[in-house]
Amino acid sequence: MKILICISNVPDTTTKIKFTGDNTEFDIAGVQWIINPWDELALTRALQLKEKSDGKIEKISVVSVGLKTAEPTLRKTLAIGADNAIRIDCEAKDSYSVAAQIAEVAKDYDIIMCGIEASDYNGSAVGGMLSEFLNIPSISSVSSLEIEDENIIINREIDGGTEVLTTEIPFVAIVQKGIAIEPRIPSMRGIMMARKKPLNVVPPIKVEVLTEFANFELPPSKAACKMIDAENVKELVELLHNEAKVI
Amino acid sequence: MSILVYTENWDGKFKKLSFELVSYASEIAKQLNTSAIALSIGEVEENELKKLGNYGADKIISAPGGKLNVLDNQPFSKIIFEVANKENSDIIIFANNYAGKALAPRVSVKLQAGMVSGVTALPSDYDNFTVSKKAFTGKAIANVVIKSPKKVLTLSQNSFGLIETDNNSIIENYSPELSDADFTTHVKEVNKITGKVILTDAEIVVSGGRGMKSSDKWGPIEELADLLGAATACSRPVSDEEWRPHSEHVGQTGKIIAPNLYFAFGISGAIQHLGGVSSSKYIVAINTDHEAPIFESADYGIVGDVHKLIPELISEIKELKEAEN
Chain A
7 MKILICISNV PDTTTKIKFT GDNTEFDIAG VQWIINPWDE LALTRALQLK
57 EKSDGKIEKI SVVSVGLKTA EPTLRKTLAI GADNAIRIDC EAKDSYSVAA
107 QIAEVAKDYD IIMCGIEASD YNGSAVGGML SEFLNIPSIS SVSSLEIEDE
157 NIIINREIDG GTEVLTTEIP FVAIVQKGIA IEPRIPSMRG IMMARKKPLN
207 VVPPIKVEVL TEFANFELPP SKAACKMIDA ENVKELVELL HNEAKVI
Chain B
12 MSILVYTENW DGKFKKLSFE LVSYASEIAK QLNTSAIALS IGEVEENELK
62 KLGNYGADKI ISAPGGKLNV LDNQPFSKII FEVANKENSD IIIFANNYAG
112 KALAPRVSVK LQAGMVSGVT ALPSDYDNFT VSKKAFTGKA IANVVIKSPK
162 KVLTLSQNSF GLIETDNNSI IENYSPELSD ADFTTHVKEV NKITGKVILT
212 DAEIVVSGGR GMKSSDKWGP IEELADLLGA ATACSRPVSD EEWRPHSEHV
262 GQTGKIIAPN LYFAFGISGA IQHLGGVSSS KYIVAINTDH EAPIFESADY
312 GIVGDVHKLI PELISEIKEL KEAEN
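Which chain is which? The protein sequence lines are A and B, in order. Under this note's numbering, the first residue of the first sequence is numbered 7, with each subsequent residue one higher. Under this note's numbering, the first residue of the second sequence is numbered 12, with each subsequent residue one higher.
To be clear, the hints were calculated from the coordinates, so they are not data collected in a lab. Any given hint could turn out to be false.
What the hints assert, rightly or not - Pairs of lysine to aspartate or glutamate, EDC-like flavour, derived with a Cα cap of 16 angstroms:
no.	chain 1	residue 1	chain 2	residue 2
1	B	K332	A	E244
2	A	K212	A	E64
3	B	K121	B	D138
4	B	K158	A	E214
5	A	K240	B	D101
Computed from a predicted structure; not experimentally measured.
Looking at chain B on its own, in the form it has when it is part of the complex:
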C-alpha cells in the first residue's frame, strides 16, 4: 500500500499549503509503515518538485503537459485515479480548497472510497479508520469512520502545520494517455487580481463590518493590511451593500478562513460570521458595543470607535517595526 497526496501548483510553484499536505501524508505513512507519494499535475520544474521531499514525500510523481496547467476535473481525476491504482494507494489526500473540493469527490467515486472533507487532525484510529472534522460550520466536531478499504480525505488548511525531514525523495514522470475528448471544460480567460495577498493564504486578515459606516472609510483597513502583509476581508452586510467585493466576504456562506491573526473591526459577530473565522488562531475585535457577541470569540478586545483606533493601531505598529529595525 501507499499514501498518495495530490499537490496542486500555482503557475508552477507550490505553497505552504502544499508542504502542509505532504507533512500530513508523510506522518500517516509513517504510522502505517508505508510510503508517502506526492502527485503533481502540470508543468513544474524539478527544483520545485524536489521541495516536496523536504516534508517527507518518499516519491514525487510528476504528470507534466501544457494542457494540464489549468484545472479540468475529468482528466485530472482520471490521472489521480490511475496513479492511485498504479501505486496501490489506500489513502488519497487533497487540500480542502477549490481544486481539492473539485477533484476529491470524483476520485472517491472512481475508487469506491469513502470520503471525509475538511479533516482537522491525524486519524484517531487506524483499525476502525476514524478522522475528525468540523461540522455545522464550526459549531461542532464530528468523528467520522470510513468503512471502505480505500479512503479519500481533504485536509483543512492551517490545521496540521509543517514537519521538515531529510530529503530522500525520488522523482518519477508519469505520462497519462489523454486525448482531446478527455478535456471537457475549457478556460477562455483568466482574471487575476495582482499585488494583493490572497485571502485564503493570508497569515493575517484585516476585516471590516457595518461599523465601518461606508465604503469610503476603508483606507485605514487597507493601510493596516499593507503594513502587515495581510489580506482584507469583510462581513456579509458589507458585501451585500457592495461596499466591498463578494470575494472578500468571510462567513458561513462566504469564505472560511484560518489565519494566525484576524482583526474584526466594527463587526458584531453574528453566528454566521463566526462560522467563517472561528478557526483563526487569534481574533482581535474593536467595536463600540461592549455587548457585541464578537467579544465572546475574540482573544483581545477594545470597546471603542474604529475610525479613531485603527489609525492609532497603525502608528503603534509602525513604531514597533521601526524599533525592531
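Pulled out of the complex, with its shape left as it was, chain A reads as follows:
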C-alpha cells in the first residue's frame, strides 16, 4: 500500500500579513515558510500507520505544487519521515489547477491525504477536487483513520458528533485536527537522512486556471475595547443587554 500526502507551503501562522503591487500580491519579504498545519498532521498520521503496518504500507510520498522556493518545506517532510517528495514545478494559482496537477501524480496511490484547508488562502477545495479528477471516493472532516487488516475505518466529524465510516482503496481523506494531536518533529537522524532521500521535480501539465485574486484588503480596524471596572460586572451585563443587544 502506498500513501500520498498533499503538502501546501504556507507562511508561518504568526506572519504579519502585508501586500505589494497595489495590494494585488502577498508580500513574501521576510516570511518564514512552514508545512500547512493540517498537512503536517496528515503526514504524522501516515507515518504512525506505516510503522504499525508490518511492512504492508511500503511507501509514504509527499507532493506539492510550487516553485523551487517550496523545497525547504518538502525537505522538512522528508526529515519528519516521508520516503520521497515530488515537486510539480509551477506556481500554485488556484485550487482547480493545483488539484488537476496533483491528479497526474496521484494515480498510483492507495490512500491520498490532504489537509482540510491551507492556512494562507483558506480554500478547502484541493482534496475534494482531486478525488473528483481521479473519480474515487472522498471523505471530508476526517478526525481519525485506522487500517485494520485490509479494512479502512474512518471517523468523520459532523455537527454535534462523529460518524464511523468505511470505504475501499483508493480514496482521498481530507483531514482535520484529531487525525493526529501533535505534529511529529524531525530528529537529527531524520534531518541527516533527508538529504539523501529523493526529491523529484516533475514538469506541470497544461491546465486552465479558473479563478484569480483581483486584490487584497486588510480588515477594518476594530474600535477600542470598552474597559469595565472589575467591581462593576452589572455594567457589563447592561451594556450587553442595552447597547450590543446580544443577551
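Based on the hints, put chain B in the right spot on chain A.
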C-alpha cells in the same frame, strides 16, 4: 440560467443556516433577473421544504431516498451536478460547513466551474464576476474573480443574514438514477452528543483558556452557557492539555466560528486563536493581564480574576432575566 443552492437537512429539518443560504441565492437571482432553485437531498417532509420558499426560493427540488439520509460525497455530488445541468444553473451555492466543503469541490470539477469558498458578501461585480472572502485566516480579505462560465461558491455562516419574502415557491421531486455501486462510503455508526448547543450553530459561545487553571474549574462556564443557551468552547492549550475535548477547540487549526457574542475567559488571544473567533459580532474578554492581546480584539473587557467574575456575571444575568419576566 438559474441560481442553484444546496440546502442540507439535519434529520429532516433545516436550520437558520439553510435559510441564510436561500436568502443569499435569491438576492443574487434577483440581481441577475433569474430564479433561485433550492435542492434538498434525503427525506424531508413537504411542510419543511415549503419553509425554503419563505426566503425566496422560486422552486424547491427534493431528491428523497432513504439511502440519501447520510452524506456520501460521490452520489450527492452526482445529483447536484445533474440538477445543475437540468436547470441550466450558472451559479451553485453551498454552505461553508462540513457538507459544503465536502461537496462543492467535487461539483466544481464536474462543471469545470471556478470555486471560491468562504464568501462573505454578495458579488461586487457580476460582469467580471468578483466575490470577497477572508484569507490568511481572517488576517486579510481577498477579492477573487471567477473566469469560468459556471461558478461555485460556499457562503460563510452568519455573514449575510435572513431576508423573508412572499412564498411563491413550487416543489418538484427529482428521482436520481443511482445503483449500489454509486455509494462508496458507508456509515457504520453515528455518535451524537445530545442536549448540548452545537458550537458552529451557537449565537452565543462561552470559552475558556489557560487562565481557567484546571479542568475541574469549568463548572461556572457550563452554568453560564446553560443560562444563555450558549455553546462551550476553549483555546488550543486547553484541548492540548485534554482539559476539554478537541471538538471544543476554536482557533486557526480548530473550529472557525461567527457567533453574535463570544466570551473569552482567561484567554490571552494569540493570533491563531483570534483567527477562529474574529468574525464574532461582539467579544467580551476577562483576563488578569491588562496587556493581553485579546483586549485589542474585544469590544468589552474586564481586567480581573475569572474565578471571581464569572459567578458574578451569572448572578447579574439571572437578575436581568428575572427583571424581564
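Taking the hints in turn, this is what the structure says about them:
1. K332(B) to E244(A): It holds: about 12 angstroms lies between the C-alpha atoms, which stays within 16 angstroms.
2. K212(A) to E64(A): violated (31 angstroms)
3. K121(B) to D138(B): violated (23 angstroms)
4. K158(B) to E214(A): Given that 16 angstroms is the threshold and the Cα spacing comes to 10 angstroms, the pair holds.
5. K240(A) to D101(B): violated (53 angstroms)
When held up to the earlier numbered hints, the structure conflicts with 2, 3 and 5 and fits the remainder.
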